[in-house]
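Asker: Note that the protein sequences, when read in sequence, are chains A and B.
Going by my numbering, the first sequence opens with residue 1, and the numbers climb by one from there.
Going by my numbering, the second sequence opens with residue 545, and the numbers climb by one from there.
Because the hints were derived from the structure by calculation, they are not lab data.
Think of the CB as a built atom: it goes at the ideal place given N, C-alpha and C, for glycine as much as any other residue.
Check the hints yourself; a few may be wrong.
Subject to a maximum C-alpha distance of 25 angstroms in a straight line, what follows is the list of computed DSS-like cross-link-like pairs (lysine-lysine) [as the list claims (entries may be wrong)]:
1. B:K689 to A:K283
2. A:K283 to B:K757
3. A:K508 to B:K632
4. A:K406 to B:K632
5. A:K104 to A:K155
6. A:K65 to A:K527
7. A:K517 to B:K757
Covered stretches of chain B, going by a simulated chain A footprint (3 or more residues, C-beta under 8 angstroms) [stated by the list, open to error]:
8. 591–603
9. 639–652
10. 734–743
Just a sample of chain A residues kept apart from chain B, beta carbon distances all over 12 angstroms, derived [as the list claims (entries may be wrong)]:
11. A306
12. F312
13. A404
14. E450
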Amino acid sequence: MSDFIEFPCGCKFEKNSKGLPVFNPNIEALPLECDRTWDMICEGNTKGVFQLESQLGQSKAREVKPRTVEELSDLIAIIRPGCGDAIVDGKSLTQHYIDRKAGKDEVKYFDPRLKPILESTQGILVYQEQAMQIAQLVANFSLGQADNLRKAIGKKNVELMAKVKKEFLEGAVSQGNFTEKDAEEIFSWIEKSQKYSFNKSHSVSYALNGYQTAYAKAHFPRAFFTSYLRHADGKPKPFEEINDLVNNARTMDIDTNPPSIANMNENFCLVDKLPTFGLVNVKSVGVSVFKQIEGVVNENNYNVAAMSWDEFLMKVGRYIKSNSFDAMIRAGVFDCYGRQRNEMLYQYNIYKELKDSDKDYLTKVEAKTFLEGLEKTIPHIKQSKKATVHRERHLEQVNGSIAALKNPPYELIDRWSWRAKQERDLLGVEITCSEVDEYDTSNANCTCREYIKGFDNNYIAIAAQISDVREWKIRGGQHKGEKMAFLKVSDGTCSLDNITVFSDDWSKLKSKIVVGKILLLRGERDKKRGSFLVKKAQTLEQCI
Amino acid sequence: MKNNRWIICFDFETDLPDKDLCNPVQLAAVPIDPETLEVKKDQAFNTMIKPDGIDKPEYFEVPKREGTINWHAQNYGITYEEVIERWKQGVSEKVAWKNFATYCKKFTVDKKPGQWFPEPIPAGYNITGFDIPIAERLCKKHKVKMPFSSVTKLDAMDNLFWWFENLEEPYDFKMDTWRKFFGMKALGVAHDALVDVFEEAAIITRFMKFHRKQSSISKFKGSFENVDI
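Just chain A, with the same shape it has in the complex (with noise of 0.2 angstroms):
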């Protein structure tokens, strides 16, 4: 990253000795009660936020609404799959986290002496060190002992388990302060939260380095974005990433350019301020050819920004790979030139099948166009010594070529459809435009990004583009066994994930939401949860 950005408070972003960016909170410094990035997580935007990236992190970040890095540190703990998955009086325990910090349900303990150890997580039995407090408390336990507790809890060993349990019936029945059928139960909570409890230290250092990203893309969102989209290529599917990455810079209003051969930026960057793509972030396009097209326009000294499409072709086209060159035109990095993708297309098409001959020749010619350039060789060919046959052979190829520059068999504009399929496929995320473009969206009352943003009315219209869908099977309640669905949509703006179709309305709804299609969709705001429930589907009309 060519910038160096730094905050008041002393942290950064600086380059290491790889040269990528990474975060440098001044740890001292830090300040741990920052309202903008309290505010961040509430609000459940932590795509990027060190343990909170995951769909179910950002859904309960929203929920548990964390303050301080204590709480932050039982989000962390409460989201991971055992809690989710223990289930006490029909909800799990994470759900009972969650409504008794909101105030729905009492917090309840089952003896007041448990309450100083329990009260910080409201009631529940989160980390290992609460376990080992409570072993200290029931039974007596000496710190070794306890020790022994977490090690058992930790490490799921059966046998040190029963050892410990013996000792701590024992020790509690000797203390006096607990009848052994107490003791039972409150040992019982121990061996069931061995499936989730979690060990305290280690999750509040998580909800440390949490919080230091939160930090970071509270304050540096332009620079976080631009590190995030550069380490992508490390994901396991680096163009969900992308797409996730941009989609969520794009409701923090930061808007992402797409890649240019006039910025001849090698991989993500700051450009203007805005996280901009690189030409080896795009699909067909390695290291190698960067280098490669760095190294012409080094060598001849060309202002790549300042020539025409038709000059970087003649002068440039002959040295890079022809699928490389393809995708970025595709992609839109010579955009800059002002021409439509699609022409520039057919006119490489064109350029590279002539001859290496003829294309060394159009490197040196003096020539505007790519026509003229093309025109000029006519002469050269002629004069040159070949055979007669195969000079001929040679004529008929280039004035072919010239009646195809001449006359393009269909018209060479860019649909919008077609430009956001090319940006989808070689950068992984629609940039410069979406398909829903091409449609009539004059019925439409939001965009994606204004909902996300909060806008509310009593009848919410959207046109996007599905994305994605997810049929769930209700497990219980007066649906169960009903289907619903889950959507997540695009329409340019920024992409909606928390899309819900309940039963009655999916199933009629079913044969009409399908991946690609473009709907206008209606509906209201599930006021509890924030997600935008659907009720109706309408086709649209393509306008262009």
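Following the hints, put chain B in place on chain A, whose structure we already have.
Answerer: Frame of chain A, contents of chain B only:
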């Protein structure tokens, strides 16, 4: 099963009637939206192609060549020499075919889960017997991947046979006969590839709409349950 693949109605005009020996002299195509079955005339493809060897005298010595050129001259209402001059103005076969492959790529859709073939579906009149073998030959010759689906094909000739094989009218299966039979208004010169694809696309979409209407009201599922096969 719901089709999401574009349909590309295409047609070659050639310098011989034999699919194995001919050179294409014109290639035209028009895409059909798979959902609405709208013929997207504004996105049509049309190119004249310079036949290989037309500058050499041997080209004209091939049997049936002269007759074919005369046939084209008659259709266009121009002279024999003017036909040759027009063909000579065309682009090389290689450039034309590669341009067509690029054009078809524009209509390749995103694969749905479980979908194997996202390429457009070729359509036209007698494409199975004439145009597709030529397309395959050009792909091989110019080392280009077949731009169409290799599985699904929509040949209007087959479809019309299913509907009319037991009727007296029309009396043959020539495209000219169908034009008259359906009462189609002339869009331009018949046997100009672009005019032909527009007409063929009109027939194909009309029948597809008819099929869609029928299939929505007919009961196919389980219709063989009580039938001895």
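Asker: Look at each hint and say if it fits the structure.
Answerer: We went through each hint and held it up to the structure:
no.: 1; hint: B:K689 to A:K283; result: holds (20 angstroms)
no.: 2; hint: A:K283 to B:K757; result: violated (43 angstroms)
no.: 3; hint: A:K508 to B:K632; result: violated (59 angstroms)
no.: 4; hint: A:K406 to B:K632; result: holds (14 angstroms)
no.: 5; hint: A:K104 to A:K155; result: violated (35 angstroms)
no.: 6; hint: A:K65 to A:K527; result: holds (16 angstroms)
no.: 7; hint: A:K517 to B:K757; result: holds (22 angstroms)
no.: 8; hint: 591–603; result: holds (count 4)
no.: 9; hint: 639–652; result: holds (count 8)
no.: 10; hint: 734–743; result: violated (count 0)
no.: 11; hint: A306; result: holds (29 angstroms)
no.: 12; hint: F312; result: holds (20 angstroms)
no.: 13; hint: A404; result: violated (4 angstroms)
no.: 14; hint: E450; result: holds (27 angstroms)
In this structure, the earlier hints numbered 2, 3, 5, 10, 13 are contradicted, and the remaining ones agree with it.
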